[in-house]
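Student: For the record, the sequence lines run as chains W and B. The first sequence begins at 6 in my numbering and counts up by one. The second sequence begins at 709 in my numbering and counts up by one.
Just so you know, these hints were derived from the structure itself, not from any lab. Glycine included, every Cβ here is placed at the ideal spot set by N, Cα and C. A few of these clues could be false.
[Unchecked claim] Cβ-Cβ distance ranges computed for the label pairs, FRET-style: (1) B:Arg904 / W:Ser196: 54 to 64 Å; (2) W:Glu153 / B:Arg799: 29 to 39 Å; (3) W:Glu153 / B:Val829: 25 to 35 Å.
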Amino acid sequence: MVEIFKLAAEAIRGSLARKKAGRNLTVFGDDVFLVSYPRSGNTWTRFLIANLAHPNEPTNFANIESRIPEIYLFPDRVLLNLPRPRILKSHECFDPRYKRVIHIVRDPRDVAVSHYYYSKKRRTIADDFRIEEYVPRFLAGNLTRTMERYGCWNDHVLSWLALREGHRNFLALRYEDMLENTGRELAKIGSFLDTDLSRETVMRAVERSSSTQMRRMEKEQSREWKLTKGTRQDRPFIRNATSGIWKSVLPSASVLAIESAWGPLMVSLGYSLTQPQTISQTLFEIAPYSSRSDATVAGGEASRKR
Amino acid sequence: MNRSNKGFTLWFTGLPCSGKSTIAALLAPELERRGHGVEVLDGDVVRTHLCKGLGFSREDRDENIRRIGFVAKLVSRHGAIVITAAISPYRSIRDEVRASMENFVEVYVNTPLEVCIRRDVKGMYKKALAGELKHFTGIDDPYEPPLNPELVIQTDKETPSASSGRILAGLEQMGLIERTSDITYSSEEESRIRTRLIALGYLHA
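Looking at chain W on its own, in the form it has when it is part of the complex (with noise of 0.2 Å):
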């Protein structure tokens, strides 16, 4: 009897050490986290950032866990053993704790498109579901339970711009001015970080993680990666890589559900609405967005693509 209870034992304590950090992260305060809602551009800032920090060995689906790991894909004690500082991806809303953080914004009419997608790649979603069912769903953020924890688009990025915007431990990026100027936003990314900022090893690390070079490896390695490796080979990571595709993709009623659902912050954030809206104010002022001005993105200029 002894012995079944010393075996439980075991095997609870071995699910627990394999039990991925997440939430349950232990945090320094020198980590650097690289802080987005999913399908924000994340992936391709780990590669900007890695390639800037490994000059000598480029980036790729291979090697990049170990140079800015996610934390779902490792348990604690998994993290524990990394040089500090550590820079790692987390797609967490407001936490505390983390004291440095790299912070990236998309305008959500595109992470939309992109999250449709990709929960088809996953399986979480049929082939046949429609956009415009889904786009309801993507607006309660209660898609899978992984979603439901990180909550919705407005809802995680205000927690982080409400508490941190402005502070000397955030950097706040928008993916639409990476794609515009990915060497400016990787400057300042490297700035932040304290990295050798020659413009050679900048646009080397640029070029380096462009969406051609990026699509090239996944099809090499995609069977690899753990982020991929049991999803739909047949369809892709690293989608379009562009802004503004919601235009041809999403019907205008899922528009509008979007910005009725959260126009205020998308304006503060300096992504102009189809259908302008009565919005008295603005809940919180987002400054290094609305104060810009080339703050205008997605709402009448053409797409842009890297």
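Given the coordinates of chain W, work out where chain B should sit on it, guided by the hints.
Tutor: The following block gives chain B in isolation, referenced to the frame of chain W:
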């Protein structure tokens, strides 16, 4: 890791200079030490950012509290502890915030007005009493104490660390944080330790 995933909001309310921020500043590191993620939303600090541009009219004060409450709800829902230290003088808006979230713990910092006036950390009471500052809570704007707060502390009768200790004990009792091992001494043991510490020169007789 000794970290419960239960987030909650610890909502301090009380007159200006009643001791809200002082106790919040003592509690936050202790809760962090116990493995929790803690964010303090200090009334004076959020007004420069989260609640920028809001004044002190009834509407603006309500909007200020609504915003703090909204963020507290967002963050505590995801497992963190939010400590708010804003005067939050009006009962109705506090109750509105309470109704909007789970795990709302109201802490009434019940410090008598005359004690707060004596403290007057920033000289604001002096200005308000001289009529130079309008809409000042406790002087020419009302403070409505909570009717059923989860915890009440009296900073004129105990030290800030004693208040902080009582709040931690309250949170343990509510099951919101884990109990730490209780160390209790009998009065006899206490007096023996005291005599020993005096003999060693650490305490004065």
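Student: Next step is simple, just say for each hint if it's right about the structure.
Tutor: Do the hints match the structure? See the list:
1. For the pair Arg904 of chain B and Ser196 of chain W, the supplied restraint of 54 to 64 Å holds, since their beta-carbon distance comes to about 57 Å.
2. Between Glu153 of chain W and Arg799 of chain B the CB atoms are about 33 Å apart, so this pair conforms to the stated range of 29 to 39 Å.
3. The hinted window of 25 to 35 Å between Glu153 of chain W and Val829 of chain B is violated, with their beta carbons roughly 44 Å apart.
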